[in-house]
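Now for the letters of each chain:
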Amino acid sequence: MASPFLSNTTISFSSSLSSSHLPRLLPSISFSPIRFKSNPRRILIVRSKIREIFMPALSSTMTEGKIVSWVKSEGDKLSKGESVVVVESDKADMDVETFYDGILAAIVVGEGETAPVGAAIGILAETEDEIAEAKAKAASKSGASTPSAPPPSPAPAATSTLAPPKPAPAPAPAPVAEGPRKTVATPHAKKLAKQHKVDIESVVGTGPYGRITPADIEAAAGIAPSKTNVGPAVVVETTPAAPPKATAAAAAPSSLPPPVPGSTVVPFTTMQAAVSKNMVESLSVPTFRVGYPVTTDALDALYAKVKPKGVTMTALLAKAAAMALAQHPVVNASCKDGKSFTYNSNINIAVAVAINGGLITPVLQDADKLDLYLLSQKWKELVEKARAKQLQPQEYNSAGTFTLSNLGMFGVDRFDAILPPGQGAIMAVGASKPTVVADADGFFSVKNKMLVNVTADHRIVYGADLAAFLQTFSKIVENPESLTL
Amino acid sequence: MHSALSSLSFSQATTVPRSNYAFDSHSPAFALSQPVNLRFCGLRREAFGFSSLTQSCSGRVRVSSRGHSKKISASAVGNGTPPKSFDYDLIIIGAGVGGHGAALHAVEKGLKTAIIEGDVVGGTCVNRGCVPSKALLAVSGRMRELQSEHHMKAFGLQVSAAGYDRQGVADHANNLASKIRSNLTNSMKALGVDILTGVGTIVGPQKVKYGKVGFPDNIVTAKDIIIATGSVPFVPKGIEVDGKTVITSDHALKLEFVPDWIAIVGSGYIGLEFSDVYTALGSEVTFIEALDQLMPGFDPEIGKLAQRVLINPRKIDYHTGVFATKITPARDGKPVIIELTDAKTKEPKDTLEVDAALIATGRAPFTNGLGLENINVVTQRGFVPVDERMRVIDANGKLVTHLYCIGDANGKMMLAHAASAQGISVVEQVTGRDHMLNHLSIPAACFTHPEISMVGMTEPQAREKAEKEGFEVSVAKTSFKANTKALAENEGEGLAKLIYRPDNGEILGVHIFGLHAADLIHEASNAIALGTRIQDIKFAVHAHPTLSEVLDELFKSAKSTQQPSYQKKHLGGICSFADDSHT
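Line by line, the protein sequences are chains W and H.
The UniProt record's numbering applies: residue 1 is where the first sequence begins, and numbers increase by one.
The UniProt record's numbering applies: residue 1 is where the second sequence begins, and numbers increase by one.
Derived by calculation from the structure, the hints in this document are not laboratory data.
Once the Cα atoms are required to be at most 20 Å apart in a straight line, the calculated PhoX-like pairs of lysine-lysine come out as:
| no. | chain 1 | residue 1 | chain 2 | residue 2 |
| --- | --- | --- | --- | --- |
| 1 | W | K182 | H | K334 |
| 2 | W | K307 | W | K378 |
| 3 | W | K182 | H | K349 |
| 4 | W | K433 | W | K475 |
| 5 | H | K559 | H | K538 |
| 6 | H | K304 | W | K66 |
| 7 | H | K349 | W | K190 |
| 8 | H | K477 | H | K556 |
| 9 | H | K477 | H | K559 |
| 10 | H | K538 | H | K556 |
| 11 | W | K182 | W | K194 |
| 12 | H | K326 | H | K344 |
| 13 | W | K305 | W | K380 |
| 14 | W | K182 | H | K326 |
| 15 | H | K254 | H | K244 |
| 16 | H | K304 | W | K72 |
| 17 | H | K237 | H | K349 |
| 18 | W | K197 | W | K135 |
All chains, please: the whole structure from these sequences, using the hints.
Encoded structure:
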């Protein structure tokens, strides 16, 4: 994983490592004395006492190196000349030693990972006081989001609003609640979590006995299942054999346009990577869209009435959608295999929420069954948790059967949503605006009209289904008393 | 001991040609130390009665004439003057690799030999050990290669997803075991070794009974008896082996299922090899090791490298410094539950839930029911106490005459080929040539991908010895990365390490981690066995390009202050046990 490390130009540094000439392997390897010449940003004045440890060039042909092992761990004191890290070049494994005394504050490139020559692989702090600062620097180096924060689930994208794909996996021998259970993750899952900086505690295990499997981590990190997984998938004889998954999604465009000079490249965070993956995946679903104008005067009146009781517009719309879905179960269904309808027994409305650096879709479970007030309260909790990044996986993952996305508050009058993989339909709600309307008798009047636009999977939801659903939805919104029942 | 004066001359006569016979691992002294032997035999002549002379004399004569071993006892009886008539010259209890090696060599030496086996011929190695595991490892090696897209790509090969059929793999292992077993059986039958079926029990000096349960026992006598009953997997207390989800190597080799996640208790040879097999077949592995380091038996540097290659990049994690104090098999809808206890504080540390657990905590000697109490021998943790010549020691610290114990049952070096070498050494002794096996010349190998092999001392052991005895130790290393053949195979990962004395060029130990390490080690082990020094072996020529050039380079990079022996008359290394007194 040669991630491009963005050198932080505000902190000046000097090269802090030389490669020790490793006596045990090939003794005759020579090093170019100025190893980091290629780094144009190098400033020789050391303002900070925090130094970066670079990937050294161990041979003239070396362009990148793999960290074989860190001899020292984070927090270890180093003295000049000591071996810090073993680097594998194209020729041999070499011990690399430090030129400075200090403390190894942070390891940026872990064991087994690869970094280009000149990239920072670790941070050296001069004193203990600087460790925190160095660590912060390391975090910014590591390119990914801070390990503690990210809700690791695939969260959806830019303009459209998407719920995570995970088609609620049939939990094997269900993780029966027997008090607080500790997280059980398989060895490979742990390694992957570390590699992709996924907080393992936030992942819901779908493996046997509720354990976290490598696939769970990959799903959480939003990457395609690795092909090297031999597992039972290829075991011809054992019955539960799933056909080896094609990793078509991973296929990268073969020819990339050259970057515009002066552009910067910022790698995706885990969440953004997940969004990207979902978006690409959505291309395999044949979707179509049906729009419908809905008169909202009655709804607005109702909203004015119930607002003091803590009811939000989102809750009203979710409730209305849920009630409509109850009458049109096919819109609440999904197509998992391209061969069948999967009718969901619950109506769980995922609602898109923009959060800093991405978006997430908390799920209002059983939205048709909860009353408006409970639903509103539930929604408030979810939003607070989402903003605090404390959502539990089951609150945003897997469970949504229909997604609602509202950009009306920004004045958007209509938009088009991308259908999240694993769901049958998504509703995009625009702003409600006063509109001149002519009725059947030719009278003009001004009514508040809102455009809703539903994107659906045409393999299971046909035009008439969607139209009928929208008609029902519209009726509910125009006669919203039933929402409060 | 039964050697007699006259046998001396005969054995010399027969030994000389036989020393050319490329038999396993004779100590360097064997062929060259006739003066030493002479002295011993001289001593023995005083110690032993004259009457045995005729017997062994006539026996020898017949044997050396063409090796018709079956006629020995007949001719001995025909001569009419044995002190006592024995059914056999040699009885071996246990037909594993150790017993087999001893039996073959005994026949070679003209002894009328019987071997008693209560189970199947071949013992642990052939049926439940090295042999079937090699079959599984052959599969895992190929799987590993085929799965490594990167590796295949580097060759320009394209392979679609590799898969396997578990039963097919299991059958391969089982077929291999059967084949080797029948080879072993046939080789003994063809040579005229009597295979006696039943559990052997020593009932008195030179007397063994054997028989199957429910059948009358037979009693046979032999001049000499070798115990070679081997070992069984050792299962610590608190671990419940059900043979399905909590298993030992015995069960694992049948490969009845491939769990998604298996814990392996113990990270020695057995554990490591199985981790190689299971991860190649798609399992994830968790090691549980009581010591602070994984692979505690290996040279630390090799262990570190091996961990880098065999553990870290694979689907393996580990817990070190912990005992698995309780393991409950999967049942009632629950997984296998392993309770870990801190090895130092004895505090409970963690609980693991896995699909299976393999107990690879070593092996325990299989010596129950041997009747050792009948000859006043007390086992130590189950092992039969022996001296350096495999002679059994009784409860009073005295040697039990005519009784030897080889292989896992004595615990000196629990390796199949060590048992065999010990058996051959014993046969040498009972046929009148003193012989002491140099255990430091016995190689060991772990057949992971890549393999690990070693002979002699580890670096810490060598340094400790050097400290004590006041000599200097040097270390030389070469990398597989510099070897043409290894690079051609895209298998540059590896290291060979030589530990030696720069003052005299003696090889103290060689450790190899890399492609075909198990085959490469023999150049080093032979050098140690034959006393070849660095300054000489570096002139030996190796074909190019071969992996053995790794060792060539290793020897060449070592620096001995001694002149090579072609420049001087070399006399070293032949009298290593000349000063061993015979108490």
